[in-house]
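Engineer: Go ahead and model the full structure; you've got the sequences and the hints to work with.
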Amino acid sequence: MITWKNNDRKSIGTSAATLGMRAMTFVALALGLVFAWSAGPSNAQPPTMHDLAREAQKRVVKIYGAGGKRGLEAYQSGFLVSPFGHVATAWSYVLDVEPIVVTDDGRRFDSKIVGFQPALELAVLKIDVDGLEYFPLPGKGDDPADSTTWIEPAIGDPVLAVSNLFGVATGNEPASVMQGTIAAVARLDAGRGNFKTPYRGKVFVLDLIANNPGAAGGALVAPDGRLVAMLGKELRDSETGVWLNYAIPISVIKTAVDDIVAGRESVVPDESDPILDRDRSHNLETLGLVLVPDVLEKTPAFVDEVIAKSPGAKSELRPDDLLLMINGRRIDGQASLKDQLRRIDRRDKVQLTIQRGTQIIPVTIQP
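According to the numbering used here, the residues represented by the sequence shown are 2 to 368, in order.
Be aware that one or more of the hints could be misleading.
[Stated by the list, open to error] Here are the simulated DSS-like pairs of lysine-lysine, each with C-alpha atoms no more than 25 Å apart in a straight line: (1) Lys255 - Lys310; (2) Lys310 - Lys113; (3) Lys234 - Lys59; (4) Lys339 - Lys234; (5) Lys299 - Lys59; (6) Lys299 - Lys234.
[Unchecked claim] The following label-pair restraints were derived from C-beta to C-beta distances: (7) Lys203 - Ala67: 23 to 33 Å; (8) Gly107 - Asp158: 47 to 57 Å; (9) Gly132 - Asp295: 41 to 51 Å; (10) Val186 - Lys310: 37 to 47 Å.
The set of hints was computed from the structure by calculation and includes no laboratory data.
The C-beta atom is built at its ideal place from N, Cα and C for all residues, glycine as well.
Structural biologist: Here it is, written out as structure tokens:
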């Protein structure tokens, strides 16, 4: 049996109280350090929407090229995707000439087209400048530390559309910014052939006016500054007149952009690409035309034979007709004719301008 003396009890009680106070002090100090680390510097402020929009504007460029005929605008938008001057933009008639690229600070650069993917309505330009701020493309998603890992936006998420709409930013004026939301996520072929575009993949339908002239090729940005999509071209339903505001997700075009920047991508789309869906595009067979043998670099598009009872025969095309234009665009050889046909939905009519002897004749082929 152990007998405690009063002095011993008093000494043990004092030691326990001292240890308890020290433990409480240590916990309080630890919690204070945690809170101080979490809060950061007392003067640190989270970025505002204005800050995020301004950062996005620095990465968006203005593009000036072909246009001016039949009311076509000679400008559109693009965004930097590498520190070496690579610019992603929408493939369009504006790029029929080597376009001028104007950066956020007003500098103007000659550019060259280093690759394009018509099935995605995507082109990549290159300007001779390094070190500009750019949008990093999303990573593969297997690295938790990768800040560019793709996070799929959802219906109702807020977004910012940054572009050179209406061409108002001609020099060092910043690109325009519109705020809206993602209204729907759908495949573009829901239009059932009324929309004039070869793209048949997923799009974000936007609750903001993103189809203004010049907005095509601009950047769709999440509230945290991430690039999430490329603004699509002006698109209107030919039957109802309804305009569609849409953007192509970066997850769709990322691989093509990476391949073009790395020099791995051909300008001719991959035949196995499911997005291209060639069965839905026009070709010489759907029109019922056989051309003369293609033996030159730019063999003229002379008709050699018209298949009986085909759409071409119903339109009264004849052998020896020379195809000059298709849907208002000049044909400089059989390759360009086939390329243009690939961009026209099989369910849509084809407008041709032909030369027959000394006559220039417009012809409409109904599928």
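Engineer: Are the hints correct? Go through all of them and say.
Structural biologist: Evaluation of the provided hints:
Using a Cα cut-off of 25 Å, the hinted pair Lys255 and Lys310 is violated, with the two alpha carbons roughly 43 Å apart. Proximity of Lys310 to Lys113 is assessed by CA-CA distance (about 44 Å); at most 25 Å being required, the pair is judged violated. Taking the CA atoms of Lys234 and Lys59, the gap is about 22 Å. The hint holds against a cut of 25 Å. As the CA atoms of Lys339 and Lys234 are separated by approximately 22 Å, the hinted pair is consistent with the 25 Å bound.
At roughly 41 Å between alpha-carbon atoms, Lys299 and Lys59 are farther apart than 25 Å, so this suggested pair is violated. Restraint check: the Cα-Cα separation between Lys299 and Lys234 comes to about 29 Å, which exceeds 25 Å; the hinted pair is violated. Roughly 29 Å separates the CB atoms of Lys203 and Ala67, a value that falls within the hinted 23 to 33 Å. Taking the beta carbon of each, Gly107 and Asp158 are about 33 Å apart, not inside 47 to 57 Å as hinted.
Here the CB-CB span from Gly132 to Asp295 is close to 45 Å, well matched to the stated 41 to 51 Å. For Val186 paired with Lys310, a C-beta distance near 42 Å keeps the hint of 37 to 47 Å intact.
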